[in-house]
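Produce the entire structure from the sequences given, and follow the hints as far as they go.
If you want the building blocks of each chain, they are given just below.
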Amino acid sequence: MIKTLLTGTAAVALMASTAFAEEVRVYNWSDYIDEELLAKFEEETGLQLIYDVFDSNEVLETKMLAGGSGYDVVVPSGTFLQRQIVAGAFQKLDMDKLPNISNMWDVVSSRTEQYDPENAYSINYMWGTTGIGVNVGKVKEILGDDAPIDSLELVLNPDNMSKLGDCGVHFLDAPAEMIPMTLKYIGEDPDSHDPEVIAKAEDVLLKIRPYIQKFHSSEYIQALANGDICVAVGWSGDILQARDRAAEAENGVEIAYHAAKEGAQMWFDQMAIPVDAPNVDGAHKFLNFIMDAQNMAAASNYVYYANGNEASQEFLVEDVSGDPAIYPDAATLDNLFTTTPYPPKVQRVVTRTWTKIKSGT
Amino acid sequence: MRQASTLVLFFWFSGLLISALIAFFAVATFNGSGLASYLPSVGLLALAAISWLILPLHFKLRVLGLALIAVPYTWLLALFLVPFLIVFKISLSDIALAIPPYTPTVKDGFSALIQGLDFENFVFLTTDALYYKAYLSSLKIAVISTVLTLLVGYPMAYAMARAPQEWRATLMMLVILPFWTSFLIRVYAWIGILSNEGLLNQFLLWTGLISEPLTILNTNTAVYIGIVYTYLPFMILPIYAALDRMDDSLIEAAEDLGCSRLSAFWLVTIPLSKNGIIAGCFLVFIPALGEFVIPSLLGGSGTLMIGKILFEEFFNNRDWPVASAVAVILLLILIIPIVLFQKNQQKQAEAES
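If you're matching them up, the sequences are chains B and Y in order. Residues in the first sequence are numbered consecutively from -8, following the numbering used here. Residues in the second sequence are numbered consecutively from 75, following the numbering used here.
Please keep in mind that the hints were generated in silico from the structure rather than gathered at the bench. Each hint should be verified, as a subset may be incorrect.
Claimed, not checked - DSBU-like cross-link-like pairs, simulated, lysine-lysine; straight-line CA separation at most 30 Å:
1. K214(Y) - K347(B)
2. K83(B) - K181(Y)
3. K336(B) - K134(Y)
4. K336(B) - K163(Y)
5. K181(Y) - K54(B)
See the structure below:
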């Protein structure tokens, strides 16, 4: 009797431990996937998916550098990925477990190599641009029909901003993107690591600061869609999601997105496996699942971001593949710039500059 | 003599158990190879068990008694002193691009640890006006919101204490009720109330009191509203407890002696509820000073608070050492009101006994 009880307990304990091991924990950006894909993954693999979200690279990086995050797959952007690879936060991918890697698009992979040499640690999930989202009706009402809605003039020229301020303008709370954008506007190298050049961006931003209502990296989706604000400097797909939410709500709000014609920042969100991931095998299964052409297309069709998967392109809906705001034409693509990580000393200057811009101190 | 032997026994057992625990966690975290690496912790446990078995009964009882007394101190040691020492140690280290992102760590060995630590980060805090401005601004926000909470909380506590006996339990419940939902969700709800298109503005526009929506969200006003709302129960409960104990006949006596109702309130009720007021103010002031969630959700970019600076040092600069230095100073600032609060509590306890 006791023996059966013991073996029974052991069996239950074993089942419990295997059930535990078969979880895959994914940490991705908020509003960044078609949730049906999550159910599909669980169905296909029998693994249980724990899906958490964040809205800033900084939060993710702090978890990675603290170690023991418990996540199997995380999604840092290019510059952050590069720094975390140096810190030893990720493990090399086992390409044998990733047959779908052949679906990837060399136009994107060749660019992500500057962050992850030979793409040994990461696969591209989505990429996009940082640009300007406007509530077309309200902005034209304030600035007239020839409002420069596709230009940095709209958000960095105090003349325009002073008029837009009351209507509500949000900026991303992401100095690593807002400062390069400002440098581009004044004709400096957007990827400058020189504190004196960065100070020039500070001057420009301080002049428009009084008219910025909030610096935040996810609230603007809802705020734009509701008509609470007129302009948001944000990420392409987020603003396009706001456009669609407004259209669905039929609240008379019309949102448009433009990558600034002066040149916009191109960024890449890369999926990688933390060095201490509890379920490395499950993590590879998830990456391979995401790289499936149809799954990747489903994700892009849902979130309105371009992906780095060439095979998925035939499954994209016309709304996505035909929209130059998502898949820019070759000329626009040439006009996009990328940045590299700041070393710690410069990072401190950038953060300090950003605090000064935000709080005036 | 017997006392001394009990103490020796107590340290013998706690020493064995603690080293068994440390050995276990050391193996578990650094991933030892196989079950054999758990042998030291098993051995230590066995040693403890054997020595317990051969111990005479009256010694067992006395060791147990001592263990019981030691519980609260162990608690303090484990939950306050140890974390504080870790934070303090990090505040003396230097930033590094590694896991964890500072150097030196305990793994580097003892001598490297001692040589690598310095007060550089504390010196750095004095070179930038940002930090003292943030401490001052936090102090200002904490003081103002404590006063506001008192102004809102006192009448509520007074009304509760004056309510008929059978209502009091229900009223008390209503004060505690908000704790049944997450604090975060309740603060989020204020975004929906205070935003430009929010409930409050829509209501005011509808009544015709205002013609343009008020900008409340993302300003310091919203932070005050959030803090007052969140910490109100901490103000009400101690004041209510003080007022509830008050003898009503004192008021009658004051009025018989020619006091007006107002001066009776001022001269009798307020002094008698003084301890409740002090306790409530500290319970609001202390957490409000280091508050992070409310200013980050409801406050604007211009709301300067030390909690936000701490977050930025930690997350944006990835500079754990400077962040820890900011935290250590915040703690030092907080120690003053905490000590005052403790003294007040002690005085109250003595007065009651």
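Tested hints:
no.: 1; hint: K214(Y) - K347(B); verdict: 20 Å, holds
no.: 2; hint: K83(B) - K181(Y); verdict: 25 Å, holds
no.: 3; hint: K336(B) - K134(Y); verdict: 59 Å, violated
no.: 4; hint: K336(B) - K163(Y); verdict: 22 Å, holds
no.: 5; hint: K181(Y) - K54(B); verdict: 20 Å, holds
The structure is inconsistent with hint 3 alone, although it conforms to all the rest.
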